[in-house]
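Colleague: Starting from the structure of chain W, add chain C where the hints point.
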Amino acid sequence: MTRRAIFDNKLLPYVLVAPQLAITLVFFFWPAGQAIYQSLFRQDPFGLRTEFVWFENFAHVLGDPAYRGAVGITVLFSGAVIGVALLTGLLLAVTADQQIRGAGVYTTLLMWPYAVAPAVAAALWLFIFHPAIGIVGRVLVRMGLHWDFSLNGVHAVILIIIAAAWKQVSYNFIFFLAGLQSIPKSVLEAASVDGAGGRHRFWKIVFPLLSPTTFFLLLVNVIYAFFDTFGVIHALTRGGPGKATETLIYKVYVDGVVNLDLGGSSAQSVILLLVVVTLTAIQFRYVERRVHY
Amino acid sequence: MGALRRTHWLAHLVLIAGVATFVFPVYMAIIGSTHDLGTIARGELSLRPGPHAIENYTRAWESGQGERVRGTPVRRMMTNSLIMALTIATGKIAISILSAFAVAFFAFPLRMFFFWMIFVTLMLPVEVRIIPTYKVVSDLGMINTVPGLTIPLIASATATLIFRQFFLTVPDEMVDAAKIDGAGPMRFFWSILMPLSSTTIAALFVILFIYGWNQYLWPLLITTRSELNTVVIGITKMIGTSDAQTDWQLIMATAVMAMLPPVAVMILMQRWFVKGLTETEK
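For the record, the sequence lines run as chains W and C. Heads up, the first sequence is in this note's numbering, so the first residue is 1 and it goes up one at a time. Heads up, the second sequence is in this note's numbering, so the first residue is 1001 and it goes up one at a time.
Isolated chain C (complex conformation):
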């Protein structure tokens, strides 16, 4: 019993150390967002919160303008991020579930060819083909537009594979029963397949929302107008030269707000998220 209790203490110690390492940078960001620029710039920041929280957050949210930073209001950038994340997540789910439905429930001549075409795109991040993809989007006149920002990121082999894998587990009897009842393929899709897929859809939504919200290189290239900046890009633009005189209190307030939506989505939907991530990405 004594030995067991000792390993428990050790386990708690390791886990607390892990949690502390994860929390520390965020704690410092929150502290930083409650002080004024002078305190931070003089190097006098302590571990205790300061009195300027409301002022800093309001300023970042409404104007994004500091003494040194000529930023875009966080309100504007968060809206852009939200539009991007939601479009990417719903778009990916929609086109993937349709193509997986076609590949799993129909026999047609080019089926395997199409499947492989989609499969090849697996794991090929947009970063690898960034310049030519930029050129295509530019030729289509989609620079600085929401479609240009989102549509190129919507093709997703992963989501298609996940839905296909799940569809293959749907018993044949269900399809037969639907046919006997006179249901066509789309009726089967809406009334039987969609409700069955709800857990998979929820799991993918969390993963893809986070993926969309956290995009970096693509929005950096596509949005040259600051009104279209996402909040993640906005933070780096505010840091600029990383001078001590930068408006750190506003940058940290922005960072805290930028983290909130994806972290909240993840924690609130944790059950689906873990299931989706671990059961499907393999």
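The following block holds chain W by itself, in its conformation from the complex:
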């Protein structure tokens, strides 16, 4: 889409895009290129020798049981976080969309966790679920559950899911509520006149009309669960106990920053890059379709 009325300066537009382009080139394209380049080389741990190894790093990463483990954990963790955050967000939005007293107050009270940093959310939940001092953790221990997320991998996964989902619910709530409020009231009234009950109205009319919002949120939540939850994991479990909470992004960090395996870490970065590019492409196709919708 272009506009008819435009300015005809020759040099000015280049000056205007220059800052954005410079930062994009230096801090985006150059590092992305470096990641691809490094993923094709192997470096000895002292950085003395580098050797071109084609796709050996990728083969090594994909064949590594630890990497497959991280894929499994990421899928489980993301699936749980996205499921909990989307369903709770939808339930709250549908409820708050009704004509009830104080709906505006509820909306404000349900929105603010969006502004809390994932790592801070992690600290709050840690304080509650700590087996020795936490108000819930102590109860779980007294109930004889042997609750200890620093020793039990399952407990650790549950804790990071709670901390990560808690914050994301409000994001989904905001979008679902906006989606619901954009549905014309006349459509719902027409359905009521035709005798459609509440549940019927929701599944046959509201839910299909919400599907663009749901689809958009699904993609954004995948990005959140894959990448933004790094802070939650770093603050709570550091990938442990063992490798129980080591997600893909956490493994990139551990292999690159802690273990200094640049080739392997870069190969993992490139794989994640491909995942995100695919998601962006899907989103873009969907945005295109919506324009014509």
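Rather than coming from a laboratory, the hints here were simulated on the basis of the structure. Computed from a predicted model, the values in this text were never measured in an experiment. Yeah, the Cβ is synthetic: ideal placement off N, Cα and C, and Gly gets one too. Just so you know, not all the hints are guaranteed correct.
[As the list claims (entries may be wrong)] Calculated lysine-lysine pairs in the DSS-like style (CA-CA distance at most 25 Å, straight line):
(1) Lys-1135/C x Lys-1237/C
(2) Lys-1237/C x Lys-243/W
(3) Lys-204/W x Lys-185/W
(4) Lys-10/W x Lys-1179/C
(5) Lys-185/W x Lys-1275/C
[Said to hold, decoys possible] Covered stretches of chain W (chain C as the covering partner; in silico rule of three or more C-beta atoms under 8 Å from a C-beta of chain C):
(6) 86-95
(7) 117-127
(8) 164-176
(9) 189-197
(10) 200-211
(11) 228-238
(12) 249-262
[As the list claims (entries may be wrong)] So, partial list: chain W residues that the calculated Cβ filter (under 7 Å) puts toward chain C:
(13) Phe-7
(14) Asn-9
(15) Phe-28
(16) Ala-35
(17) Phe-55
(18) Tyr-106
(19) Leu-109
(20) Ala-132
(21) Ile-133
(22) Arg-138
(23) Leu-151
(24) Asn-152
Modeller: Showing chain C alone in chain W's frame:
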């Protein structure tokens, strides 16, 4: 009428349960920040506030030093967070509005190429290219500096797209009128486009301020000197091994203070925030 009232009760119940789930962890953090370490470490924390609030907050704010924690003063870390959030938010808005202006109001040979270059960076979080980006920043000598902390996060496809989308809705007649009055492009930009964009700018500011304040992985890598730590990083450093003997009362006081600025910005600017978030991120 009876059935209607029953669904209302149910609705209030669901919403109150939701609010309670959101508030509970923060309430416990506030309670935790009002007790002394002994009470917390013995596992005697109750649901009622204790008498040590002023002492804990003052200590966290001024020194950050507990019995176990060798922290940085929260005052220092909050300043760092504020500098980072403000630089990222204003920087992103500034460079995005300029490039969107160029893409929307000028015809030049490489226009679509540039647009796509910016567009490709959409949704690619810094986390994905973390190690190579770190190396670039390190090669440029920007480790442990404010520019190193902020500039790599300033490139923003999202903000550019949002401004472009908005600019395309500005009627052609306005541009024509400005031209007839003899206004050049920059005059048009400052006198007409900027005032028209104020709502979009406000909405983006809230979103980007929160984004900047809550950054984690990047500051963790770039700031190895504790004087440059942001408050979000500071909390995790204080937790350390998550031992029961950690100075929990100070950590919780710090957490409460770390939440305040982004939550306050969001609530105070709620109207713009919701509009900006839902109308633009699609």
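Colleague: Would you mind marking each hint as holding or not holding in the structure?
Modeller: Going down the list of hints, with the structure as the test:
The straight-line distance between the Cα atoms of Lys-1135/C and Lys-1237/C is roughly 23 Å, inside the 25 Å bound, and the hint therefore holds. For the hint pairing Lys-1237/C with Lys-243/W, the CA-to-CA distance comes to about 21 Å; that is within 25 Å, so the pair holds. For the suggested pair Lys-204/W and Lys-185/W, the alpha carbons sit about 15 Å apart, so the restraint of at most 25 Å is met. At roughly 16 Å between alpha-carbon atoms, Lys-10/W and Lys-1179/C fall within 25 Å of each other, so this suggested pair holds.
Distance hint between Lys-185/W and Lys-1275/C is fulfilled; the C-alpha atoms sit about 20 Å from each other, no more than 25 Å. Given as covered by chain C, the stretch 86-95 of chain W passes the check, having 4 residues with a CB less than 8 Å from a CB of that chain where 3 are the minimum. Figure legend: the stretch 117-127 of chain W, annotated as covered by chain C; annotation consistent (11 residues with Cβ-Cβ distances under 8 Å, at least 3 required). Chain C is given as covering the stretch 164-176 of chain W, and this holds because 5 residues of the stretch bring a CB closer than 8 Å to a CB of that chain, at least three being needed.
Given a C-beta distance limit of less than 8 Å, the hint that chain C covers the stretch 189-197 of chain W is violated, as 0 residues qualify and 3 are needed. Here the stretch 200-211 of chain W counts 0 residues with a CB under 8 Å from a CB of chain C, which misses the bar of 3, and the coverage is violated. Residues of the stretch 228-238 of chain W with a Cβ under 8 Å from some Cβ of chain C number 6, which satisfies the need for three, so the listed coverage holds. Counting residues of the stretch 249-262 of chain W whose CB lies closer than 8 Å to any CB of chain C gives 6, which reaches the minimum of 3, so the coverage claim holds.
Because the beta carbon of Phe-7/W sits about 4 Å from the nearest beta carbon in chain C, less than 7 Å, this interface hint is met. For Asn-9/W, the interface hint holds, the least distance from its beta-carbon to any beta-carbon of chain C being 6 Å, beneath 7 Å. For Phe-28/W, the suggested interface contact is upheld, since its CB lies about 5 Å from the closest CB of chain C, less than 7 Å. A hinted interface residue such as Ala-35/W counts as satisfied when its beta carbon comes closer than 7 Å to some beta carbon of chain C; here the least separation is about 5 Å, so the hint holds.
Below 7 Å, beta-carbon pairs count as interface contacts, and Phe-55/W has none with chain C, the closest being about 18 Å; its hint is therefore violated. For the restraint placing Tyr-106/W at the interface with chain C, the shortest Cβ-Cβ distance is roughly 5 Å, inside the 7 Å limit, so the hint holds. Restraint check, Leu-109/W versus chain C: the minimum CB separation of about 5 Å is within 7 Å; hint holds. Restraint check, Ala-132/W versus chain C: the minimum CB separation of about 4 Å is within 7 Å; hint holds.
The closest approach between the C-beta of Ile-133/W and any C-beta of chain C is roughly 5 Å, which is under the 7 Å cut-off, so the hint is satisfied. Checking Arg-138/W against chain C: minimum C-beta separation of about 5 Å stays under 7 Å; hint holds. For Leu-151/W, the shortest C-beta to C-beta distance to chain C is roughly 12 Å, which exceeds 7 Å, and the interface hint is violated. A cut of 7 Å between beta carbons decides the hint on Asn-152/W: the least distance to chain C is about 14 Å, and the hint is violated.
Consistency with the previously given hints fails for numbers 9, 10, 17, 23 and 24, ordered from lowest to highest.
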